[in-house]
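Use these hints to put chain Y onto chain H, whose structure you have.
Protein chains: 2
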Amino acid sequence: MSTSNENNVSKNREEAHGQKHVSSPDVPAKNSSVETEQLVINTIRCLAADLCQQFKGGHPGTVMGAAAIGIALWKYEMRYNPLNPSWFGRDRFVLSAGHACLLQYIMLHFSGYDDWTLDAVKSYHAPKLHTIAAGHPEIEFPGVEVTTGPLGQGIANAVGMAMAGKQLGAQYNKEGYPVVDGKIWCMTGDGCIQEGVGQEAISLAGHLGLDNLILVYDNNNITVDGTIDNCFTDDTSAKLRAQNWEVIDVFDGSNNLTDIVAAMDKAKTIKGKPTLINIRTVIGIGAKNQNTGSVHGQALGDEGVTHLKSALGFDPAEKFVIPPIVYEYWEETKGRGEAWEAEWDEMMSKYADAHPEVHAELQQRLSGKLASGWESSLPSKSDLPTDPIPTRKSSGLAFKSVVPSDPTFVAGSADLLESTFVSWDGMTEFQKPSSGLGDYSGRQIRFGIREHAMVAIGNGLAAYHRGMFLPIMSTFFMFWLYAAPAARMTALMGLRWIGIATHDAIGIGEDGPTHQPIALAHFYRALPGLNFIRPADAEEVMGAWILALKDEHHPSLFTLSRQPVPLLPGSDRNKVALGAYAVHGPEDPELCLIATGAEVTRAIETAKLLSPLRVRVVSMPSMAHFDRQPTSYRRSVLPSSALVVAIEAWASFGWARYAHAGCHMHTFGMSAPQETLYDFFGFTPRNLAEKIGKWAERCKGDKPGVGDFEELLLGQVPDHHSPMPYSV
Amino acid sequence: MSTSNENNVSKNREEAHGQKHVSSPDVPAKNSSVETEQLVINTIRCLAADLCQQFKGGHPGTVMGAAAIGIALWKYEMRYNPLNPSWFGRDRFVLSAGHACLLQYIMLHFSGYDDWTLDAVKSYHAPKLHTIAAGHPEIEFPGVEVTTGPLGQGIANAVGMAMAGKQLGAQYNKEGYPVVDGKIWCMTGDGCIQEGVGQEAISLAGHLGLDNLILVYDNNNITVDGTIDNCFTDDTSAKLRAQNWEVIDVFDGSNNLTDIVAAMDKAKTIKGKPTLINIRTVIGIGAKNQNTGSVHGQALGDEGVTHLKSALGFDPAEKFVIPPIVYEYWEETKGRGEAWEAEWDEMMSKYADAHPEVHAELQQRLSGKLASGWESSLPSKSDLPTDPIPTRKSSGLAFKSVVPSDPTFVAGSADLLESTFVSWDGMTEFQKPSSGLGDYSGRQIRFGIREHAMVAIGNGLAAYHRGMFLPIMSTFFMFWLYAAPAARMTALMGLRWIGIATHDAIGIGEDGPTHQPIALAHFYRALPGLNFIRPADAEEVMGAWILALKDEHHPSLFTLSRQPVPLLPGSDRNKVALGAYAVHGPEDPELCLIATGAEVTRAIETAKLLSPLRVRVVSMPSMAHFDRQPTSYRRSVLPSSALVVAIEAWASFGWARYAHAGCHMHTFGMSAPQETLYDFFGFTPRNLAEKIGKWAERCKGDKPGVGDFEELLLGQVPDHHSPMPYSV
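Listed in order, the protein sequences are those of chains H and Y.
In terms of the numbering used here, the first sequence opens at residue 848 and continues consecutively.
In terms of the numbering used here, the second sequence opens at residue 848 and continues consecutively.
It should be emphasised that the hints constitute simulated quantities derived from the structure, not laboratory data.
Some hints here could point you the wrong way.
Using 30 angstroms as the maximum straight-line C-alpha spacing, the simulated DSSO-like pairs for lysine-lysine come out as follows [what the hints assert, rightly or not]: (1) Y:K1541 / H:K1550; (2) Y:K975 / H:K1538; (3) H:K975 / Y:K1541; (4) Y:K1538 / H:K1550.
Isolated chain H (complex conformation):
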């Protein structure tokens, strides 16, 4: 599929450069010779080979094949200031093919990022800790916008950033003041294009007409296992055209910098559509094993490096050679970046005079802080409905109190807007204006039935400028499993969003076991850096929102009931952040029942049936927050002297940390109304009280220890995979 000849230097290079400068007058007109550029390309290739060979690991092939793409981006196309990597007015670059990070690192070095010294780049795969040249790009490091690696997600991150840019532009740009007009560049390989999350994001980007998004496809037709003709024969260009994308082809992307630059210049001018630049390259070009899977993820070997260097006119005896002319070639990038930033600053100061109100709002947004006053706008406990309501609906009350008035929030759903209560009256949809459905100033996002992309897009929104957007995303809890790979990346990056996960247990009822989560909470509870909260009632829902809105560095996921729950007399929003607290019962309990979410109400009813036993009910909206409390607090909630039983309609896994016994789900659920299911699986207060009472009796004088955890509802129903009875 790819064609290449490393010596086939484009005959039109210089003319094309001249042309380019006409169309991009902001790029300093500093021509370089074709020879120089080929030398730069070859230097990158040899450098990649040396960098992988030194520690015999890493991914050399893409760096070598896509060297010219890297040059086009960092030398000719992207606006950025290496002396201030977080300059707000910059273009943003997402390396969806994260394993090719070495290309990015080399570019960051050449283009003048202070921290990206040659020694820093040489720490790639080094046997040491805290290397800036991590195995995949990490958001913590200058010049990296988002952490990537798990394939496909980077495309969705870039879509989120493009949405961010479009929305800010619609909100803040004024005639003569294009304060937000950067492009989002995303580099994808063959892998990201195969992943479902990439496809979801591509489809949505086309729908939304995000013309600030340019997807640069390093189409080398090779993955780890060799040629992708083995498993992928889509016509990607035609496929993206069918999804409302502009497609520009480049047929020799390994060396023809002129064509790449021309394609990128053209992409910048496309209106109303995102653009795919489909660039054919040869992976590992110049290496003996070019165009094979082995050059994707393995160093070339000493002999391979020698072969490469000889072919490219480098001395095989020397390593990490960067001719001075190569540095000269990149010389302009620092000054240019400073000039761009200064120009932008000047525009901003005029903008402040011309449009003081929007400027002030933009400044507030740039601070990354929510507008003040949100906490007091939440309904107080005495203002909450006294009739039972689903916690998903209580969450809607919090949502409507804080979201409409603060432009920081964007909110949407994977096709369940009304079930998850994340829409509001008078909202504008974020849509392509020509659709007639909304415009880019809208803050209501319709993600479509694309849960994984939704959350990966949320990551892009959150990463655009820390704190400038607070995305709220929603679907049924079960489908947060589809989104889990992206939520994990959020936690890893320390970004913030709020996830609304409704219909959170067998309480979803008639939709049956396919929609009833049993084991999903356990992933989210084990995940470092994510606030996983299951509130018991409307008051705890307010506490969950407060916790999430105060925590700038972690995503929060609330799981919420479909079914109504009463407002509990003992519930307290201020105690949610403690993780657990006594919500009912005496000061000196003999028995504690810990429950979460909708099961707290059942636990309180159970406690009453267990009288005259002195039973405390503990609501535990967040295990992780409880674990962080001092022992004294933990022991005041769950006294050592008391027996403890956990009640939760999910798998028991993880509960033995707190409880001597538990009432949990041991199978998948079923199709039936929620009350019928709670009965069937044993969660009626009567059954719970009976099972717990008998067990407590058995434990008298012989308190269970570690290793004795008893599953009090085990055997309540036959194993799901025994022949299933059914009625006809």
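Same frame as chain H, now just chain Y:
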């Protein structure tokens, strides 16, 4: 987009039917009048309205809009025997849009499945348990091939079934004996088409040229949140053509049965490609709120039902009306099905004479049992390598011992064939013969970088005929998070595959935190019905394979190390199924260290350093299997008198059930060589021994109870989201 007129009966219906019977001579030539067919369609619509209205729930809209599609499938197109739903020679039907199950249930009733009485169908959303008419289709029930509901996966299940059919055909069909030639019909709505997993499967099906697969797209342009023009404007037909699919359009699918049948007839004749039939329908057609989101997932209301019935000429006062002529219309299906099966049986008996060897093999396959002798073909412990090897490589030894010789196995990877050791010498790839890469008899599958589809396809293979295929699927453990929604469905269905999850912890090293699982095991451990095994060495790997190969009703997932581990003197394959056992140390331990996988070796070294303490090391390859052992066994492994510490380089969540303290990961990982990481995060035997020894000293005379679990490595490294230090 859709156009419709419920009275616009196609003028060509009867001629077309005549024509149809010419092209499908096996359908009894029993003409029905256009009036009768419209009555059947209308009856289904009123029935759907009544069935949803009775319990005020369910999904009426699709049933009403797609009634004619249902008739086309069950009356004209599909080969099946309602009197023997599991007749092997049948076509298979997958309802990817599982929420439309009521359409399937009504069709199963009309076409004569004994268990699907009208009362059975009326149990849809009934307030009772064990209803056959579950909220989404469930594999346990006659006429349902696979459990669906979470969108998009059904398409991938159907792709798996089509691969199964193709492969069996290539292996067992002989001239004049098309013993496996059924079609796989998959009905999808707008939701499945948006989901990434659906897109992944579509891409692979096109690549493989699965011409036994027909995707019937009920294109009503409406989802829960209303028109999909809000979020999805792909040209789906063009998109699928770009992925090597044939596309046939039907423009009035709500009523024009003739066109639907003609399209399906044509689809059956397409060679070398799967076919999409893009059928425009009007959701909830005839209802007042037709063509809206509300008719998708809500009953019509009494008034709505009255309106519908009046419009369709039914008496609003009567419910569940099925005119006798409607039953007459379906009368032929039972006898026809029996005749088809008898014909197939006759062919099979001739086939047995003509091709006794392949017939015998096919019979073995149909038994759903593995060929005998596999256990003894596994290398014994004394034959295992004595040098340290990665457990992923040990798994490759087991794989090569059992897989090549038994045609039940198919094996593949999401682009990591060689890293996961699931290929073998002399294998044939499962490929379209014209690709030149393999043929349909191949058992080596290249899934592409499509983890979610891989496992959902595995479910389709496993569901084709229980036990006939044992799919082995592989990728890095981290990317089993992408596949988790499909793995959950496997467990729910009680199907079998073996999942190979390599590079299972920080031992992946330089690839960094994006590739290092911390919290993923916790989902799989909590999931009911899945064998999650983390073997400690090559011997335990053999035990894991034995466990998986003996367990016909559950999927098994092995997590395996990238890095080498030694063969442990105390390891024992026969004890893997016990979940945990003492692998090192004295009979009367004061202290037990439980570890899993590669950490067992470290625990043994730690135990030695803790001398003179009497320390036992327990290997716990499976928590769930251990939990199922009697208390006496559990207490023999972890005596009440001993202190217990867990050591595992994942999050500690879940370990307090067994241990008083733990050594775990509290943050995400990092990019560095694996040894460096184990050191940094505190997993060196020296550090472990120091931390554990001090803690054991503190515990003297005061054994920790439930609630006292101590994280001995907490604070070992700073919180990941403190400002990250890095070196340049």
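(message) Name the hints, by number, that the structure is in violation of.
(response) The structure conflicts with no hint, since it agrees with every one listed earlier.
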